[in-house]
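Using the sequences and the hints, build the whole thing.
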Amino acid sequence: MQKFPELRKQQVALMRADTLTGHVLDDEFILALNNVQKVYTIFDNVELALEYAKSIILENQNIECIIYGSNEKVLHYLSKQI
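Just so you know, the sequence shown maps onto residues 1 to 82 in UniProt numbering.
In short, the hints are calculated from the structure, not lab data.
Hints should not be assumed to be uniformly reliable.
Okay, derived cross-link-like pairs now, DSBU-like style, lysine-lysine, Cα gap no bigger than 35 Å in a straight line [as the list claims (entries may be wrong)]: (1) K73 / K3; (2) K80 / K38; (3) K54 / K38.
Label-pair distances were calculated between CB atoms; the ranges are [said to hold, decoys possible]: (4) L58 / N35: 25 to 33 Å; (5) Y52 / K9: 16 to 24 Å; (6) K9 / N60: 24 to 32 Å.
Think of the CB as a built atom: it goes at the ideal place given N, C-alpha and C, for glycine as much as any other residue.
Following this line, the structure appears as C-alpha cells:
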C-alpha cells in the first residue's frame, strides 16, 4: 500500500475504506492491493477534505473516509453507518 504522504502546513490526507470489510480502497474506489495504487488524497485544508468525504459518502453508503493530519493523526472519521 502507498506510504503515508509528507504533509505541509495545514494539509491533510484522506483515505477511503469499505465499511463492510475495512479494506482500504484506492482513489478509484478499487481494493488497494499494491504500492502503485494511490490510497491517499491530499487536500490543502481539512474543510476541503471534509466536503469531499461527505460527497463520497452521500453517493456510496458502503465507503468510509478517514482524514489524517501530520504524523498520521486521525482528525475525522466519516461514515454513513454512524
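Status of each hint after checking the structure:
With a C-alpha separation of about 15 Å, the suggested pair K73 and K3 falls inside the 35 Å cut-off, and the hint holds. Restraint check: the Cα-Cα separation between K80 and K38 comes to about 23 Å, which is no more than 35 Å; the hinted pair holds. Taking the CA atoms of K54 and K38, the gap is near 20 Å; set against the 35 Å cutoff, the hint holds. At roughly 30 Å, the beta carbons of L58 and N35 sit within the given window of 25 to 33 Å.
Distance hint check for Y52 and K9: the Cβ-Cβ separation is about 18 Å, which falls inside the suggested range of 16 to 24 Å. Taking the beta carbon of each, K9 and N60 are about 31 Å apart, inside 24 to 32 Å as hinted.
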